[in-house]
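Protein chains: 2
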Amino acid sequence: MTTTIDVKPSAENELVLARIIDAPREKIFRAWTEPEILRQWFVPKPWTISKVEMDVRPGGSSLVVMKDPDGNEYPNPGVFLEVVENEKIVTTDAFTEAWKPSPKPFMTMILTLEDAGDGKTRYIARARHWNAEDVEAHEKMGFHEGWGQCAEQLEEIASSL
Amino acid sequence: MTTTIDVKPSAENELVLARIIDAPREKIFRAWTEPEILRQWFVPKPWTISKVEMDVRPGGSSLVVMKDPDGNEYPNPGVFLEVVENEKIVTTDAFTEAWKPSPKPFMTMILTLEDAGDGKTRYIARARHWNAEDVEAHEKMGFHEGWGQCAEQLEEIASSL
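Sequences listed follow chains A and B, in order.
Heads up, the final residue of the first sequence is numbered 367 in this note's numbering, and it's a clean run with no missing numbers.
Heads up, the final residue of the second sequence is numbered 367 in this note's numbering, and it's a clean run with no missing numbers.
Just so you know, these hints were derived from the structure itself, not from any lab.
Here the structure is a predicted model, which is why all the values come from computation and not from measurement.
Keep in mind that a hint or two might mislead.
Since the list can't tell identical chains apart, any single copy or any two copies may satisfy a pair.
Claimed, not checked - Simulated pairs of lysine-lysine, DSSO-like, Cα-Cα distance not exceeding 30 Å:
| hint | residue 1 | residue 2 |
| --- | --- | --- |
| 1 | Lys214 | Lys257 |
| 2 | Lys310 | Lys326 |
| 3 | Lys326 | Lys306 |
| 4 | Lys310 | Lys294 |
| 5 | Lys306 | Lys294 |
| 6 | Lys306 | Lys346 |
| 7 | Lys346 | Lys310 |
| 8 | Lys214 | Lys310 |
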């Protein structure tokens with residue numbers, strides 16, 4: 207089980223998920239950047255992922271297709287803005303590829319990984335939005351529950367690598 | 207005088223300015239990335255620029271404060287998304303710094319510089335927007351006239367470097 211830690215938003219219109227995860231940050235970074243690992247934890251079960259493509263570098267594209275239990279698919283295209291191995295990943299859905307504006311910029315995700323000792327990681331994921339309405343919508347979509355459940359799934363996968 | 211060339215938009219919601227500029231691309235790149243040069247050509251006269259700060263690298267911030275003839279100032283914060291020396295510059299106002307969403311993402315600018323022979327440059331500046339309304343607003347603000355006048359000012363400065 208992950209441990210929730212108290213981390214406040216660092217900017218306007220931000221939602222933050224902060225946990226101590228019982229896996230080293232190198233393994234968590236792999237779980238975020240290797241498609242075959244990411245697809246095992248990146249959506250809350252019983253949803254699944256039917257496709258993952260990632261070009262992990264600033265300006266590289268990513269595509270994650272999520273599938274609900276009825277088989278409906280939801281493509282999520284985006285772009286990496288910043289990648290620091292084992293430390294930081296920033297992605298946004300404001301572009302579908304470098305540099306094509308998407309129909310609706312919704313959020314920018316900033317993930318930071320810090321060594322927390324004993325092979326554990328201080329895991330902070332910040333979702334920043336362009337306006338207050340989108341923050342509220344994201345909270346209602348279940349940001350905390352969804353990202354929380356994914357953090358648990360991530361811990362299970364990463365600690366098994 | 208620059209020469210207008212026929213280049214079509216390469217994406218939805220794009221406005222494009224394409225010219226042959228009588229200056230080599232190394233000098234044009236300098237005029238785009240050195241604050242003391244940029245302030246001499248980056249707004250159509252009689253507007254002026256009262257402040258320029260630029261951290262020219264992917265994720266680096268830029269701030270250009272424009273001043274109208276009555277002395278009113280208009281700050282334009284943004285972020286560099288991609289920089290290839292003497293070849294390409296991509297900026298956006300969707301972030302005010304890495305990675306803080308701005309109040310209103312308006313456009314992403316993609317500038318490409320290609321050698322056109324005889325010390326000239328094929329200069330293509332693409333302004334991509336997130337929706338059709340912003341493209342229309344940008345055209346009404348005088349995109350073609352404004353960016354065209356700036357291209358002439360740029361040629362004058364760059365060819366004197």
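Tested hints:
For a Cα distance limit of 30 Å, the shortest separation of Lys214 from Lys257 qualifies neither inside one copy, at 33 Å, nor across copies, at 33 Å. In this assembly of identical chains, the alpha carbons of Lys310 and Lys326 never lie at most 30 Å apart, being 36 Å within a copy and 39 Å across copies at closest. In this assembly of identical chains, Lys326 and Lys306 lie within 30 Å of each other by CA distance solely across copies; the values are 28 Å between and 38 Å within a copy. When the C-alpha separation of Lys310 and Lys294 is checked against a cutoff of 30 Å, the pair qualifies both within a copy, at 25 Å, and between copies, at 26 Å.
For the homomeric pair Lys306 and Lys294, the shortest alpha-carbon distances inside one copy (23 Å) and between copies (16 Å) are both at most 30 Å. Proximity of Lys306 and Lys346 under a CA criterion of 30 Å is satisfied in both settings, with 28 Å inside one chain copy and 22 Å between copies. For the identical chains of this complex, Lys346 and Lys310 are neighbours both inside a copy (18 Å) and across copies (23 Å), given an alpha-carbon limit of 30 Å. Both within a single protomer and between protomers do Lys214 and Lys310 lie at most 30 Å apart by alpha-carbon distance, with minima of 26 Å and 24 Å respectively.
Checked against the numbered hints above, the structure violates hints 1, 2; every other hint is satisfied.
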